[in-house]
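Chemist: So you can see what is in the structure, the chains are spelled out below.
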Amino acid sequence: EPEVTQTPSHQVTQMGQEVILRCVPISNHLYFYWYRQILGQKVEFLVSFYNNEISEKSEIFDDQFSVERPDGSNFTLKIRSTKLEDSAMYFCASSDRRGLLDNEQFFGPGTRLTVL
Amino acid sequence: RKEVEQDPGPFNVPEGATVAFNCTYSNSASQSFFWYRQDCRKEPKLLMSVYSSGNEDGRFTAQLNRASQYISLLIRDSKLSDSATYLCVVNTGGGADGLTFGKGTHLIIQP
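Residue numbers (our numbering), protein chains in the order written: chain V, 709 to 824; chain F, 400 to 510.
Derived by calculation from the structure, the hints in this document are not laboratory data. Careful: at least some of the hints might be erroneous.
Said to hold, decoys possible - Far from chain F by the CB rule (all over 10 Å, computed), these chain V residues:
hint : residue
1    : SER756
2    : SER763
3    : MET797
Stated by the list, open to error - Each computed DSSO-like pair below joins lysine-lysine, with the alpha-carbon atoms no more than 30 Å apart:
hint : chain 1 : residue 1 : chain 2 : residue 2
4    : V       : LYS750    : F       : LYS444
5    : F       : LYS478    : V       : LYS786
6    : V       : LYS786    : V       : LYS750
7    : F       : LYS444    : V       : LYS786
8    : V       : LYS786    : F       : LYS502
Idealized CB from N, CA, C, for every residue including glycine.
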């Protein structure tokens, strides 16, 4: 069964450093997403990406964040200068947009980011 | 982005019992509705979509009331493996929009 993969599974970084989180969406999917989940909190939408551009972004996705699809398979989230409050689990998801009702988003296993 | 509200629980339920969860959403423009399941420190996984007419998938039944902006999930004959957090999720429309998650209801099935 095809699945979304993410690397690394755990990233530890110092405050102020740049991090890049990597995702490989399911190969025939067209829509890509990043979400985050702070420990003990709800899953929060960050950004959606389609046709090589951002479709929608939340208020969390400020100028510190950027996304890129550098090649035909990878989808990356970059945080330019990490803050302590960026510590969270970051989930990548993809979908093939089969319609409003069947628009299942498949989630990757997540990258746990710890900012010290 | 409007909110999705759920009772956080935990719901402690004996194996074999029936349990029901509810959820309300505030954005009347929401068009797609889902229940996801999340195990501890794992990714959310789709349990089922929720259709206007209500739908059933084995032991799981989902209902949607658009007028009241209310979604429910019923689990019959609960199994130990049903222990998880159940996330109520809405989408305001189309494939490009991100999902809005509730905080989840924690279910513990006891032997």
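Chemist: Looking at MET797/V again, its CB stays over 10 Å from all of chain F?
Modeler: For MET797/V, whose nearest Cβ neighbour in chain F is about 8 Å away, the distance does not exceed 10 Å, so it is violated.
Chemist: For the pair supplied as a hint, LYS750/V and LYS444/F, is the alpha-carbon distance within the 30 Å limit?
Modeler: holds, 14 Å
Chemist: Is the nearest Cβ of chain F still more than 10 Å from the Cβ of SER756/V?
Modeler: violated, 5 Å
Chemist: Sort out whether LYS502/F lies within 30 Å of LYS786/V, counting only the CA atoms.
Modeler: The given pair, whose Cα atoms are some 26 Å apart, holds under the 30 Å limit.
Chemist: Checking the smallest CB distance to chain F, is SER763/V really beyond 10 Å?
Modeler: With a cut-off of 10 Å, SER763/V comes too close to chain F, as the shortest Cβ separation is near 4 Å.
Chemist: Holds or violated: LYS786/V with LYS750/V, Cα cutoff 30 Å?
Modeler: At roughly 21 Å apart (the allowed maximum being 30 Å), LYS750/V and LYS786/V satisfy the hint.
Chemist: With a cut-off of 30 Å on the C-alpha distance, tell me whether LYS444/F and LYS786/V pass.
Modeler: Holds: LYS444/F and LYS786/V sit about 25 Å apart, inside 30 Å.
Chemist: Holds or violated: are the alpha carbons of LYS478/F and LYS786/V at most 30 Å from each other?
Modeler: Not OK: LYS478/F and LYS786/V at ~41 Å, beyond 30 Å, violated.
In terms of the numbered hints stated before, the structure departs from hints 1, 2, 3, 5, listed from lowest to highest.
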